[in-house]
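Listed in order, the protein sequences are those of chains A and B.
Quick note: the first sequence uses my numbering, first residue 259, plus one each step.
Quick note: the second sequence uses my numbering, first residue 259, plus one each step.
Incorrect hints may have been included.
Same chains, same names: a pair is fine if it fits in one copy or spans any two.
Said to hold, decoys possible - Okay, derived cross-link-like pairs now, DMTMM-like style, lysine to aspartate or glutamate, Cα gap no bigger than 20 Å in a straight line: (1) K364 with E346; (2) K303 with E399; (3) K419 with E282; (4) K261 with D337.
If you are wondering where the hints come from, they were derived from the structure by calculation, not from laboratory data.
Treat the numbers as computed from the prediction; the structure is a model and nothing was measured.
There are 2 protein chains.
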Amino acid sequence: MVKLSRGVEWATHSCTVLAALPEERELSAEALAEFYELPSAYLAKQLQALRRAGIVQSSRGKGGGYRLGRPANMISLLDIVRAIEGPEPAFRCSEIRQNGPCALKKADCKRPCEIAAAFGKAEQVFRNALAAQTLDSLISEFVGNASPAHLMDMAGWIREKSG
Amino acid sequence: MVKLSRGVEWATHSCTVLAALPEERELSAEALAEFYELPSAYLAKQLQALRRAGIVQSSRGKGGGYRLGRPANMISLLDIVRAIEGPEPAFRCSEIRQNGPCALKKADCKRPCEIAAAFGKAEQVFRNALAAQTLDSLISEFVGNASPAHLMDMAGWIREKSG
């Protein structure tokens, strides 16, 4: 298959941590990196991409940190993938039908190539499936599966590190 | 989104050309490259990958060439994507939940991470959509949209170059 960058995994996990923040609290980029032992310079880039997409918001100044930019039920896996990987489609048609001994003229290529259209259709199905999965449904599943001790552990750490 | 390699586009187009071969005929790798003005060394690699997947077959010796390895209605876009990109999933979980101050123990991670599971579900939907699109249905659409002159042009070139 194709490959999603590691940043998608990191960003999604980090968003679930931010979703657990108490009201009015924030976590620094360093604390988020520490939570999963992620390289902080690279995670900082993902956080910037998430911020540009409105998925997280950040405050400036000493102790400035991150929190979700909107409720977790309004953040989908598609939002995160698009923020990190960009909006371009997976299949990028380079119009090779306009090359070679049987080349089509550009004027005869107003309709998309059947191959590009077929990939486009499958990608739309993929995007819809990613859009249907929201952060809050992921978190509900996680909470349902986790041990109470682990949840307490996480909540304690997040409360201690957030400001 | 993620990015499919250029080779997927080239391989899919080249398979549609092979599907148009008269019975018992073959096209050389060079002729296939010439048809869309593709870099022949790189296309040769895609053809090897398609051959390993049984999508094309090749004959050896002077004038040896390629033809489809099975009927076009038994070749899907998923077959081609897997042949070129490999069978690995797009989302590759690196188990970061086992890192950091609230790390889960490996023994407590028998169930897949909820995030990996959610991406896996969306990918399965994508794979199903790619699997539902076969080479012969693409070709039917192409033939339905193409001008008779262009089809004659292609058929003439393929007949001339195939052996």
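Results of checking the hints against the structure:
no., hint, verdict
1, K364 with E346, "neither (22 Å within a copy, 37 Å between copies)"
2, K303 with E399, "neither (28 Å within a copy, 43 Å between copies)"
3, K419 with E282, "within (13 Å within a copy, 71 Å between copies)"
4, K261 with D337, "both (17 Å within a copy, 16 Å between copies)"
Of the numbered hints stated above, those contradicted by the structure are hints 1, 2, listed in ascending order.
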